[in-house]
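What follows is the residue order along each chain.
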Amino acid sequence: MAKEYKTIGEIAGPLIFVEKTEPVGYNELVNVTLADGSVKRGQVLDTSKDIVVVQVFEGTGGLNKDSGVRFTGETIKLPVSSELLGRILSGSGEPLDGGPRIVPEDRWEITGAAINPYSRKPPEEFIQTGISTIDGMNTLVRGQKLPIFSGSGLPHNEIALQIARQAKVLGAEEEFAVVFAAMGITSEEAQHFMYDFERTGALERAVVFTNLADDPAVERLITPRLALTAAEYLAYECEMHVLVILTDMTNYCEALRQMGAAREEVPGRRGYPGYMYTDLASLYERAGVIKGKKGSVTQFSILSMPGDDITHPIPDLSGYITEGQIVISRELHMKGIYPPINVLPSLSRLMNSGIGSKRTREDHKAVSDQLYAGYAEGLDLRGLVAIVGKEALSERDRKFLEFADLFEDRFVRQGMEEDRDIETTLDLGWELLATLSESQLTRIDNKYIEKYHPAHRNKNKKTVESSTE
Amino acid sequence: MEVKGEIYRISGPVVTALNINARMYDVVKVGDEGLMGEVIGIKGEKTIIQVYEDTSGVKPGEPVIDTGMPLSVELGPGLLKSIYDGIQRPLPVLKEKMGDFIQRGVSASGLDHNKQWEFKPVVKKGDKLKGGKIIGTVQETENILHRILLPPNVSGVVDEINEGMFTVDDVIGRLSDGTELKLMHYWPVRHPRPVKNKLRPTIPLITGQRIFDGLFPLAKGGTAAIPGPFGSGKTVMQQQLAKWSDAEIVVYIGCGERGNEMADVLNEFPELEDPKTGRPLMERTVLIANTSNMPVAAREASVYTGITIAEYYRDMGYDVSLMADSTSRWAEAMREISSRLEEMPGEEGYPAYLAAKLAEFYERAGRAKTLCEDEGSVTVIGAVSPPGGDFSEPVTQNTLRIVKVFWALDAKLAQRRHFPAINWLTSYSLYGRTLDEWYTKNVSTEWTKLRSNTMNLLQREAELQDIVQLVGSDALPDDQQLTLEIARMVREYFLQQNAYHDVDSYCPMINQYKMLKAILTWGEKAVLALESGASVTNIIALESRDMLAKVRFEKDIDVVLDTVMKKADEEFAAQTHRGK
Chain A
1 MAKEYKTIGE
11 IAGPLIFVEK
21 TEPVGYNELV
31 NVTLADGSVK
41 RGQVLDTSKD
51 IVVVQVFEGT
61 GGLNKDSGVR
71 FTGETIKLPV
81 SSELLGRILS
91 GSGEPLDGGP
101 RIVPEDRWEI
111 TGAAINPYSR
121 KPPEEFIQTG
131 ISTIDGMNTL
141 VRGQKLPIFS
151 GSGLPHNEIA
161 LQIARQAKVL
171 GAEEEFAVVF
181 AAMGITSEEA
191 QHFMYDFERT
201 GALERAVVFT
211 NLADDPAVER
221 LITPRLALTA
231 AEYLAYECEM
241 HVLVILTDMT
251 NYCEALRQMG
261 AAREEVPGRR
271 GYPGYMYTDL
281 ASLYERAGVI
291 KGKKGSVTQF
301 SILSMPGDDI
311 THPIPDLSGY
321 ITEGQIVISR
331 ELHMKGIYPP
341 INVLPSLSRL
351 MNSGIGSKRT
361 REDHKAVSDQ
371 LYAGYAEGLD
381 LRGLVAIVGK
391 EALSERDRKF
401 LEFADLFEDR
411 FVRQGMEEDR
421 DIETTLDLGW
431 ELLATLSESQ
441 LTRIDNKYIE
451 KYHPAHRNKN
461 KKTVESSTE
Chain B
1001 MEVKGEIYRI
1011 SGPVVTALNI
1021 NARMYDVVKV
1031 GDEGLMGEVI
1041 GIKGEKTIIQ
1051 VYEDTSGVKP
1061 GEPVIDTGMP
1071 LSVELGPGLL
1081 KSIYDGIQRP
1091 LPVLKEKMGD
1101 FIQRGVSASG
1111 LDHNKQWEFK
1121 PVVKKGDKLK
1131 GGKIIGTVQE
1141 TENILHRILL
1151 PPNVSGVVDE
1161 INEGMFTVDD
1171 VIGRLSDGTE
1181 LKLMHYWPVR
1191 HPRPVKNKLR
1201 PTIPLITGQR
1211 IFDGLFPLAK
1221 GGTAAIPGPF
1231 GSGKTVMQQQ
1241 LAKWSDAEIV
1251 VYIGCGERGN
1261 EMADVLNEFP
1271 ELEDPKTGRP
1281 LMERTVLIAN
1291 TSNMPVAARE
1301 ASVYTGITIA
1311 EYYRDMGYDV
1321 SLMADSTSRW
1331 AEAMREISSR
1341 LEEMPGEEGY
1351 PAYLAAKLAE
1361 FYERAGRAKT
1371 LCEDEGSVTV
1381 IGAVSPPGGD
1391 FSEPVTQNTL
1401 RIVKVFWALD
1411 AKLAQRRHFP
1421 AINWLTSYSL
1431 YGRTLDEWYT
1441 KNVSTEWTKL
1451 RSNTMNLLQR
1461 EAELQDIVQL
1471 VGSDALPDDQ
1481 QLTLEIARMV
1491 REYFLQQNAY
1501 HDVDSYCPMI
1511 NQYKMLKAIL
1521 TWGEKAVLAL
1531 ESGASVTNII
1541 ALESRDMLAK
1551 VRFEKDIDVV
1561 LDTVMKKADE
1571 EFAAQTHRGK
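Sequence lines, in order, name chains A and B.
In this text, residue positions in the first sequence follow my numbering: the first is 1, and each later residue adds one.
In this text, residue positions in the second sequence follow my numbering: the first is 1001, and each later residue adds one.
Simulated from the structure, these hints should not be mistaken for lab results.
Just to be clear, a hint being listed does not mean it is correct.
Stated by the list, open to error - Derived BS3-like pairs: lysine-lysine, alpha-carbon spacing no greater than 25 Å straight-line:
#, chain 1, residue 1, chain 2, residue 2
1, B, Lys1081, A, Lys77
2, A, Lys294, B, Lys1095
3, B, Lys1357, B, Lys1081
4, A, Lys20, B, Lys1124
5, B, Lys1059, A, Lys293
6, B, Lys1369, B, Lys1124
7, B, Lys1059, A, Lys399
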């Protein structure tokens, strides 16, 4: 049994400073025993011969100088097992569902090691989410990390749930799992997620970690790490395809800032610690596919942008690590369009490797580019119309203006339970593009126009019919 | 001699040690596992060390060993085709030793010490040699001859030199003072390798990317920055440059970037074919991959490791292009370590020495007469990722004070799928004038004129666009409407380039000239037609205009352009006729 120290010299926020210890390892797990016998857990942040700084996960309430501190001699580990599936755990990994303790098949360090870039397999398997704006224009692939940039009061949870329900890889029946980590969300939101998981039977294939708004903020720092460790175990040991949903990354970053302030660190932009980039990278980068292994980890994190500001440090740094972003627009939401995804600032960096003739359809990229260009032009014209009026527009411009409206109304808008396959999405794209003059379709090769453009398609059909006659 | 000290304190990657008397930037082995670290500060009794690996579980009291050597790289045959982490450990070897995840405490040397190379000396007994002289050659890959150099800090008379098969550790000869000669030598990464003198940058680095070669050229040995808010196609652009630029050796540093993208580079490069030789591109490439979740101190070192390797090949007389993606991540690594050291922060928390470090790094670029009287160059292209796309932040600003070329990636253009999304109004190249002579001699005497006309046209378009924003395009007089249309052609048919299209991905300089000339000639004809009475609507509806749009996808550009221009002549003649 590790030695117990009663040498706490100072307690500041979530931190305790322990004096006169034997050598203690950096990042070691710590147990703190209170006067009433209850135990809190913590982690070593800074260690030296004179003083050891420990952050206590469940908060320092109830601690005093007489509390006993034990250093366990090992870093924080998660007991992992395939039996994690179907379980609901707290933000620090304790069962919340009244079920038995997890019988571990192994214990994995939660910090996780970086995947050797040489071992990674570039992600390229198309995941069909059934949402046109994502599949058609910001395609998600297996092993990608694609966050939703949203704002308060926007339906990002619905979108995340719809994706969790509908996501599938075409033509493949493989084992999949969902790992869901809630960080600082309200119990109402958490219940909404749980209700939907139960309603659709998804819970059986899910592992849920919940750190609610009233749970200690410092616990939030380990919740996503536990979730990702569970995900890696399921993916690389149990050969499953795992979709990890982390919500809400903003709360995570707030906790990080809070801890930085408690440690009296030099703050970076807007008070967030200077190492936030590296810290976020150590979470987001835990997605991917490894050569020679069957499973994969795909990350879908939700991030609410404070003040809808995409240049705020949280979305900004996230955007530099993740492979794109899906941006939710308040304007579209106000217009009553669901899902209110604004495709212009949205992006999937891995789209090109996931689409094309063998994966989706040969014309996919061209259609997507043309839709982008058309919609962007239409929106510019909308701005112009506000100044000069519709009458001043040329015939060509008016077409683009109408195109933008149609695009929002038919391509973007879809039902919460509506699962459009990729063919439907692309054909819908063509239908909209057909409202423009053919000479305006500069992003599309002629051969695709001849093959897929509705005008030609019908013609082709006719020739086929007449030849069969 | 090794001196053993002990650990006093551990805070993340920063470790404080007692009882060693190491010099600044010496490499030390930390803890029972011998984690690699570097001395970055000395305060009284305490030596401050940044550790290149994760320090979880390391305890005070564990040993620290001073190796007495600064952080160095192994330079010799076998560098090409390698994939390294930030401190020159080959990633494939790491994978073999520790599996798919990067564990710690594993050392691996940069070069393969077992492989034998065929060495042919070019000096003989009795030759008097100065540092940096070529002593012989090794055929490193099919097309790259590795010149074995005497280390820059060694000189003397050759006493013995042998031909044959050697590993990098074998002695291939001796100097009269007893110095052993080997195929490999060490060089400390933080010291620039010396050259005889630097030369003026008068030769362009041809990239095959129209917006670069055409409008904003970079010189061999020059420096360029690509800033870009995320999602503006920066990474694709850098990969294009690595693939297509006419440098003989490519060093690509993925510094703090995404694992999946790095995987893409690592996967794609070995399969790429060198357009000039038909051999794999990898045979003239060194890749350094340090993803954002790999240890931060190794990220800081990766940039120096890369540029030292680049300088080494320059010293052999090669043109080397080095891409660093991204220097912002490098600066952030400096910031993170600085804040762990509790240094007084400068602007936005970056250390006060940020500007000096950036300048030192870019200054290692250049075209130079090498110590062996040859000419070589290191061209540095650094990506910066300004937070929030705000160019006023310190890393971008300090970079712009140094570099001569600025390729401004623009998220707005990317959103419209205008790729490469380089803003032609805010980008600049200060090499324009020094390179004019080369372009006049090697491309066309008209080139300089053509380029300035293009720039003027685009500038004019921007002014007109401002008016259009207010009054709509219909309110403009005909000639101005036509100007807009011609500018649109330049943008869409010339400046846009599809990196994924077989033909369009690389556009030879001469084709760039022909295409631009054709578009502007068409424009001139259109203006003439307008003057003789044709209408704008009719002119822009001409078929030859649509045909010009597809020229960039054609392999045999001469034939196609010929047809297009003939068609244009016919059509304009008809228009003018009708007009009358």
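Here is how each hint holds up against the structure:
Restraint check: the Cα-Cα separation between B/Lys1081 and A/Lys77 comes to about 38 Å, which exceeds 25 Å; the hinted pair is violated. With a C-alpha separation of about 18 Å, the suggested pair A/Lys294 and B/Lys1095 falls inside the 25 Å cut-off, and the hint holds. Taken as a hint, the B/Lys1357 and B/Lys1081 pair is broken in the structure, with Cα atoms around 29 Å apart against an allowance of 25 Å. Distance hint between A/Lys20 and B/Lys1124 is unfulfilled; the C-alpha atoms sit about 67 Å from each other, more than 25 Å.
The straight-line distance between the Cα atoms of B/Lys1059 and A/Lys293 is roughly 35 Å, outside the 25 Å bound, and the hint therefore fails. Restraint check for B/Lys1369 and B/Lys1124: satisfied, since their Cα atoms lie roughly 24 Å apart, inside the 25 Å limit. Distance check on the hinted pair: B/Lys1059 and A/Lys399 sit about 70 Å apart at the alpha-carbon level, beyond 25 Å; violated.
Hints 1, 3, 4, 5, 7, counting from the list given before, are not met by this structure.
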